[in-house]
Amino acid sequence: MTSSPPVGYHAKSSHTPFDSMLEATNLACVRGARRLFSDLNFSLVPGTLLQVTGPNGSGKTSLLRIICGLMAPEEGEVRWQGANINSLGEDFSRNFTYLGHRNGVKEELTSVENLRITAGLTGIELTKSGAAQALAEVGLAGREELPARFLSEGQRRRSALARLITGGRTLWVLDEVLASLDAAAVNMVERLIERHVSGGGMAIVTTHQLLNFSPGSFQRLELATELASGSASPGLLS
Amino acid sequence: MTSSPPVGYHAKSSHTPFDSMLEATNLACVRGARRLFSDLNFSLVPGTLLQVTGPNGSGKTSLLRIICGLMAPEEGEVRWQGANINSLGEDFSRNFTYLGHRNGVKEELTSVENLRITAGLTGIELTKSGAAQALAEVGLAGREELPARFLSEGQRRRSALARLITGGRTLWVLDEVLASLDAAAVNMVERLIERHVSGGGMAIVTTHQLLNFSPGSFQRLELATELASGSASPGLLS
Amino acid sequence: MFRWIVARDLMLAWRRRADVLSTLFFFVIVVSLFPLGIGPETELLRSIAPGTVWVAALLASMLSLNRVFSNDYHDGTLEQLLLTPQPLYLVVVGKVLAQWLVSEVPLVLIAPLVGVQFGLSPDTLLVLFVSLLIGTPILSLIGSIGAALTLGLRGGGVLVALLVLPLYIPVLIFGAGAVDATIVGIDPMANIYLLTALLVLSLVFAPWATAAALRISLE
Amino acid sequence: MFRWIVARDLMLAWRRRADVLSTLFFFVIVVSLFPLGIGPETELLRSIAPGTVWVAALLASMLSLNRVFSNDYHDGTLEQLLLTPQPLYLVVVGKVLAQWLVSEVPLVLIAPLVGVQFGLSPDTLLVLFVSLLIGTPILSLIGSIGAALTLGLRGGGVLVALLVLPLYIPVLIFGAGAVDATIVGIDPMANIYLLTALLVLSLVFAPWATAAALRISLE
Amino acid sequence: MNWYKYASPTAFYPLAGKLIPWFAIPAALLFVAGLYIGFFIAPTDFQQGEAYRIMFIHVPAAWMGMFLYVLMAFYAGIGWAFNARLASMMASSISITGALFTFLSLATGSLWGKPTWGTWWVWDARLTSTLILLFLYVGFISLQAAIDEPRRADRAGAVLAIVGVINVPIIYFSVQWWNTLHQGATIRILGKPTIAPTMLAAMLTLLAACWLYSIAISLARVRCIIMEREQRSNWINQGSSSLEYKL
Ligand code: HEM
Ligand SMILES: Nc1ncnc2c1ncn2[C@@H]1O[C@H](COP(=O)(O)OP(=O)(O)OP(=O)(O)O)[C@@H](O)[C@H]1O
Ligand SMILES: Nc1ncnc2c1ncn2[C@@H]1O[C@H](COP(=O)(O)OP(=O)(O)OP(=O)(O)O)[C@@H](O)[C@H]1O
Ligand SMILES: [Mg+2]
Ligand SMILES: [Mg+2]
Numbered sequence: 033m034t035s036s037p038p039v040g041y042h043a044k045s046s047h048t049p050f051d052s053m054l055e056a057t058n059l060a061c062v063r064g065a066r067r068l069f070s071d072l073n074f075s076l077v078p079g080t081l082l083q084v085t086g087p088n089g090s091g092k093t094s095l096l097r098i099i100c101g102l103m104a105p106e107e108g109e110v111r112w113q114g115a116n117i118n119s120l121g122e123d124f125s126r127n128f129t130y131l132g133h134r135n136g137v138k139e140e141l142t143s144v145e146n147l148r149i150t151a152g153l154t155g156i157e158l159t160k161s162g163a164a165q166a167l168a169e170v171g172l173a174g175r176e177e178l179p180a181r182f183l184s185e186g187q188r189r190r191s192a193l194a195r196l197i198t199g200g201r202t203l204w205v206l207d208e209v210l211a212s213l214d215a216a217a218v219n220m221v222e223r224l225i226e227r228h229v230s231g232g233g234m235a236i237v238t239t240h241q242l243l244n245f246s247p248g249s250f251q252r253l254e255l256a257t258e259l260a261s262g263s264a265s266p267g268l269l270s
Numbered sequence: 033m034t035s036s037p038p039v040g041y042h043a044k045s046s047h048t049p050f051d052s053m054l055e056a057t058n059l060a061c062v063r064g065a066r067r068l069f070s071d072l073n074f075s076l077v078p079g080t081l082l083q084v085t086g087p088n089g090s091g092k093t094s095l096l097r098i099i100c101g102l103m104a105p106e107e108g109e110v111r112w113q114g115a116n117i118n119s120l121g122e123d124f125s126r127n128f129t130y131l132g133h134r135n136g137v138k139e140e141l142t143s144v145e146n147l148r149i150t151a152g153l154t155g156i157e158l159t160k161s162g163a164a165q166a167l168a169e170v171g172l173a174g175r176e177e178l179p180a181r182f183l184s185e186g187q188r189r190r191s192a193l194a195r196l197i198t199g200g201r202t203l204w205v206l207d208e209v210l211a212s213l214d215a216a217a218v219n220m221v222e223r224l225i226e227r228h229v230s231g232g233g234m235a236i237v238t239t240h241q242l243l244n245f246s247p248g249s250f251q252r253l254e255l256a257t258e259l260a261s262g263s264a265s266p267g268l269l270s
Numbered sequence: 755m756f757r758w759i760v761a762r763d764l765m766l767a768w769r770r771r772a773d774v775l776s777t778l779f780f781f782v783i784v785v786s787l788f789p790l791g792i793g794p795e796t797e798l799l800r801s802i803a804p805g806t807v808w809v810a811a812l813l814a815s816m817l818s819l820n821r822v823f824s825n826d827y828h829d830g831t832l833e834q835l836l837l838t839p840q841p842l843y844l845v846v847v848g849k850v851l852a853q854w855l856v857s858e859v860p861l862v863l864i865a866p867l868v869g870v871q872f873g874l875s876p877d878t879l880l881v882l883f884v885s886l887l888i889g890t891p892i893l894s895l896i897g898s899i900g901a902a903l904t905l906g907l908r909g910g911g912v913l914v915a916l917l918v919l920p921l922y923i924p925v926l927i928f929g930a931g932a933v934d935a936t937i938v939g940i941d942p943m944a945n946i947y948l949l950t951a952l953l954v955l956s957l958v959f960a961p962w963a964t965a966a967a968l969r970i971s972l973e
Numbered sequence: 755m756f757r758w759i760v761a762r763d764l765m766l767a768w769r770r771r772a773d774v775l776s777t778l779f780f781f782v783i784v785v786s787l788f789p790l791g792i793g794p795e796t797e798l799l800r801s802i803a804p805g806t807v808w809v810a811a812l813l814a815s816m817l818s819l820n821r822v823f824s825n826d827y828h829d830g831t832l833e834q835l836l837l838t839p840q841p842l843y844l845v846v847v848g849k850v851l852a853q854w855l856v857s858e859v860p861l862v863l864i865a866p867l868v869g870v871q872f873g874l875s876p877d878t879l880l881v882l883f884v885s886l887l888i889g890t891p892i893l894s895l896i897g898s899i900g901a902a903l904t905l906g907l908r909g910g911g912v913l914v915a916l917l918v919l920p921l922y923i924p925v926l927i928f929g930a931g932a933v934d935a936t937i938v939g940i941d942p943m944a945n946i947y948l949l950t951a952l953l954v955l956s957l958v959f960a961p962w963a964t965a966a967a968l969r970i971s972l973e
Numbered sequence: 154m155n156w157y158k159y160a161s162p163t164a165f166y167p168l169a170g171k172l173i174p175w176f177a178i179p180a181a182l183l184f185v186a187g188l189y190i191g192f193f194i195a196p197t198d199f200q201q202g203e204a205y206r207i208m209f210i211h212v213p214a215a216w217m218g219m220f221l222y223v224l225m226a227f228y229a230g231i232g233w234a235f236n237a238r239l240a241s242m243m244a245s246s247i248s249i250t251g252a253l254f255t256f257l258s259l260a261t262g263s264l265w266g267k268p269t270w271g272t273w274w275v276w277d278a279r280l281t282s283t284l285i286l287l288f289l290y291v292g293f294i295s296l297q298a299a300i301d302e303p304r305r306a307d308r309a310g311a312v313l314a315i316v317g318v319i320n321v322p323i324i325y326f327s328v329q330w331w332n333t334l335h336q337g338a339t340i341r342i343l344g345k346p347t348i349a350p351t352m353l354a355a356m357l358t359l360l361a362a363c364w365l366y367s368i369a370i371s372l373a374r375v376r377c378i379i380m381e382r383e384q385r386s387n388w389i390n391q392g393s394s395s396l397e398y399k400l
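Protein chains in written order, with our numbering: chain A, 33 to 270; chain B, 33 to 270; chain C, 755 to 973; chain D, 755 to 973; chain E, 154 to 400.
Hints were generated in silico from the structure; no laboratory data involved. Ideal Cβ positions, reconstructed from N, Cα and C, are used throughout, including at glycine. Wrong hints could be hidden among the right ones.
[Unchecked claim] Partial list, derived from the structure: chain E residues whose beta carbon lies under 7 Å from chain D: (1) Phe288; (2) Gly292; (3) Ala299.
I would like the entire structure built from these sequences, with the hints used as guidance.
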């Protein structure tokens, strides 16, 4: 896990800067006294999946939060269609769905309600049956009307995943998306991402299990453990 | 996942009742309007691992909580060395370590402090260096003095795992123990359990990934999805 | 989209209606505690009534507000709200509006009843009602800044109390002042106008500050 | 093992010292809000002082107690405490003791200072101090029952107020009564004795009830 | 007759159904009779005029409010200690009746206070203690409402009810410790040697009516509770997988 390709490798080699939708340049992240990574560059074009891997604490969550604009990078910037995401503000939010370690599911509400409200908040009117259908797709049929606090850990995760289906966003940013999911659900998520990507979407995913995924549209970014030099060098594998 | 062996299968077939340390008889669990399982029987002798598998929401967490006495079963009972765990009260707690979905790690305290306090609460005086050593074993060397809220998801999980090493208990009850762990940590946990079990300990573990584990001392209990009959029939595989 | 924010919080409140009711009861109980601690002399009670009712409203508002944000913070939904494609300012206004509707309006409505227990006269009750009606949104708005700042920051507690309470104090002074004025027979309108000015001010600036605080807390 | 429970909570409190300070701050602020809301007449202030200080102590105690249990509940450490090999009764006593030391003792110590602001005489201040010293542990003990009962419930914070405040009332009556008595020149000892009796009662029964409530809540 | 059998909710359900009329009908009759005596036969009070007649509702309601709390705590305790579900259900059903009576005594007291004391409310020990009693009831009801699992709700409610019962005597005796202006007013009326026998008769009749009513309504409510919960466990036994969640 600690082996890593040359520092500062640019992924956009085969694309001109303008056909990349999302682009990160020279990102560096410092948490407390630790430099988690620096000189991190990548760019995503429609129809690609970027899987971020790396040992615990290597900065995957931090990277994803930086990409969403929830955290400011120490150095570098993230650009969406050429514009810095800070300058885009809320307009950038229109383009992606983020799923973090925490599910973002209200325990008091049923899965249907959770889904409809999230959709509503992002500007989409979702009917009850539409929500139920998405929930059935993630394997929660029969549990749509159960308040989320009664759901098991994995069911709660599935309930959060349903957002991906109803959101209709171009970019999916998924942190540790397979945690707590059973084998059937893992497969379901893989198919979901595959469908999304092959339909021209983009996804950035962190997991500790490797995704079972058809190659080609598939990039891997490996964050190394902290190095003695203090600056980890992220490597990008295709 | 829904295929399951005959109902009410008894695992203790090859043992007399008295050499089994932990024994569950006719357990049934009802949550809300749902019967998750019934007629669940198993018994554990020293030196065995019981892996509980089953899809999301099949009742693994509920089962583990029943075993620890955190939840009362709808029917049946759990016995430790022949005595009902309810009658044993706190004395039963002296025999096991439980690790749930939630880590039980105080975010304000450093890993060393967390570990020493937990040990102290269970009656063990742990030195600072002893704690640091256990933390190094779970891969947190260099992070011992970081308040747990700064740890990454996986690091927090590791910090909780260190309790297993310092606790010195006979029985480990581990819920979804591999969640958020990277490959190195998964391997570490497997070796930890292997060492514990081969040294005469017992472990009850739920995971969605199969454990890479030497056979022989290894039982599997599969909880099925809810069945049409309303009473799921758990099967025990050896 | 704005209405979804309000709808969401109203729905949550409906699910937790016991909670809403108990904010109301909290208010009533806190108010009732004072006569118990102070003794039953009617004259004395009447003179402390405005202060008591207003302090109780302040506390009830602070408690319920705090809950609104920290619940969302802990289950990760606040993060999601931050990432919705609309100005965070609006999100904040929506949440505060919902909180006010759910937790403070019932309190404003019941306040006259409580006032009767303290032997206030009908026109004093009216002033109490009006002053609370104008004053409680200010409490919600200002309180939201504090609630947002305290979210992640463990050390932020005192800082926020220091920051927010001085801002609460004018509301308390003008609000209780209006009622006091009526009791002693002075025209309460000066106080009411000042309260209204505070409301306008806080409507403009507070959501903005809260939004900034939220971004900082979630970083 | 018992000392570890206390040590643990003290350590946590030390890490969150801002939090502890803010309980104190809350107390001081609630007490100071009154003169602001009521006006500056010394006579009036003196006569409401005992009640006000006691009500503020009551609210501060309730708020800080709630936090102690619910924090442990949410991160799963309460579960772990339940599974330690010692009677849950002791765990509860340890946690309540720590909470009292951390949140209420400072409040008791500062109360005479606050009393001075209300123009209380030295011997009244002494009675105030003593009554709080005996009364606050009762508040912690009784409050712990409510906090344990409402763990994990949606209504948490405010519901606990609804459950606990009515139970606090005898403490308030005797506590404030003792101080009141001194102000009017009656012997406060009858009240103090009753308060002591309540303390003994709650020491014996409350931890037991809290332990039962914890088991129920964690089921 | 095997009484033990009726400790099971399902067996009690039909029994309760049969018992209700036996309490409800006498309750209605006594209520009408009591009101008739109270409002038409009992003489007008020479000090208070007609206003005093509120007493015929106020006093029984106040007594019922206090007594039902103790009864509720008793049932809740039994239910908790012996895991007797029926007793717990009785506690839940009584709580609402008790709260209602307490509220009624507060409301009628206030109505009465206006003409006699010239004010709706004073912070008199008795009035305050009644208010606290209402808070205790509301606390119990809210706690149970906030918990979705019936078993947990029963037990949590029991803890609260039992702890709260300690408060009842304290509240009651605080009348003595806390001398107030308006306590005399209540004592005076009862203490009057000339209380007409018809007044007493009316009050006792109405008290009996309230008792019977409480029993009848509690039985009716407990039937609803049994229905709600047993239906759910029937579903469990049938085990259909497409269950809707029911609160
Ligand atoms: C909101 C106001 C009031 C409340 C909450 C209230 C509450 C109570 C309670 C709890 C009792 C039963 C106590 C016992 O039996 O010792 C009671 C009894 C009684 N109340 Fe009231 N009361 C109120 C107003 C009044 C007023 C205005 C009057 C008449 C002037 C009055 C006259 C009585 C009488 C005559 C009794 C029965 C005899 C007794 O025990 O003294 N009450 N009330
Ligand atoms: N204040 C701090 N001082 C030192 N290190 C810190 C501080 N705050 C965070 N860190 C470190 O920063 C890293 C944060 O990593 P992050 O959460 O992004 O990891 P991750 O790759 O998502 O890990 P996981 O796989 O466990 O989820 C951790 O290694 C953590 O120890
Ligand atoms: N009140 C309720 N009504 C109906 N079903 C309920 C209720 N409470 C819990 N459940 C169901 O009980 C089950 C609880 O399962 P549990 O948490 O034990 O699952 P698990 O096997 O640990 O799952 P996971 O792998 O996702 O952690 C879930 O299927 C949940 O939907
Ligand atoms: Mg992470
Ligand atoms: Mg689980």
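Tested hints:
Against a cut-off of 7 Å between C-beta atoms, the interface hint on Phe288 (chain E) holds, since the closest Cβ of chain D lies about 4 Å away. Interface restraint check: Gly292 (chain E) against chain D, minimum CB-CB distance 4 Å, threshold 7 Å, status holds. Evaluation of the Ala299 (chain E) hint against chain D yields a held restraint, the C-beta minimum of about 5 Å falling below 7 Å.
Violation of the numbered hints given earlier is absent; every hint is satisfied by the structure.
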